[in-house]
Amino acid sequence: GNSVTQMEGPVTLSEEAFLTINCTYTATGYPSLFWYVQYPGEGLQLLLKATKADDKGSNKGFEATYRKETTSFHLEKGSVQVSDSAVYFCALNQDSNYQLIWGAGTKLIIKP
Amino acid sequence: ETGVTQTPRHLVMGMTNKKSLKCEQHLGHNAMYWYKQSAKKPLELMFVYSLEERVENNSVPSRFSPECPNSSHLFLHLHTLQPEDSALYLCASSQVSGPADTQYFGPGTRLTVL
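Protein chains in written order, with the working numbering: chain C, 1 to 112; chain X, 113 to 226.
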């Protein structure tokens, strides 16, 4: 079946460091891929998404490229800020209008 | 502010209590969801309503009972819960069109079962 695997956290970085959070998936065909972010005390919100191979989603300085050949959707940011501290979730949706398949989440801690 | 509100934000209840969680969306969406978020586990989809009809029920124990009286409101009725039901319960909504739909989440209700 479909699945999403994220790197375990927490990931701790200093401000202005480069960020990569790995996400790989298992699916048949061409799923839509998502990154959601959950800030402390809040619900999840969409950060970015991509719907076909080689698409790049981007938002708030974050980017992720849909790599069909490596079944990956790694999240990157060139220079993180303390305000980026949150939990990041990778997810996919292939055939359903409703059922997202979620990764376990990666907690990111940015120190000043 | 995502346009999805949840009340209460925190709830403590005993195993014999009956309580309800409320969700309201102000986005004009046609689908609403209940999720359970537990520490170190992937998000669990509990129920989905589309056009006020339940379309997904992912093997959730009967002590959780959803209700969707209209497209803007969703309830989760709780009774005789267990301590392992303690978690963050998230409500979400979306405008259903296909697999690339964005779901919009409320802030959640932190439930503690004593």
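Heads up, some of the hints might be wrong.
[To be verified] Derived pair list, reagent style DSSO-like, types lysine-lysine, alpha-carbon separation capped at 27 Å:
| no. | chain 1 | residue 1 | chain 2 | residue 2 |
| --- | --- | --- | --- | --- |
| 1 | X | Lys130 | C | Lys77 |
| 2 | C | Lys56 | C | Lys77 |
| 3 | C | Lys68 | C | Lys52 |
| 4 | X | Lys153 | C | Lys107 |
Hint data in this document are derived by calculation from the structure and do not stem from the laboratory.
For this session: Kindly indicate which numbered hints from before are broken by the structure, ordering the numbers from low to high.
Result: 1
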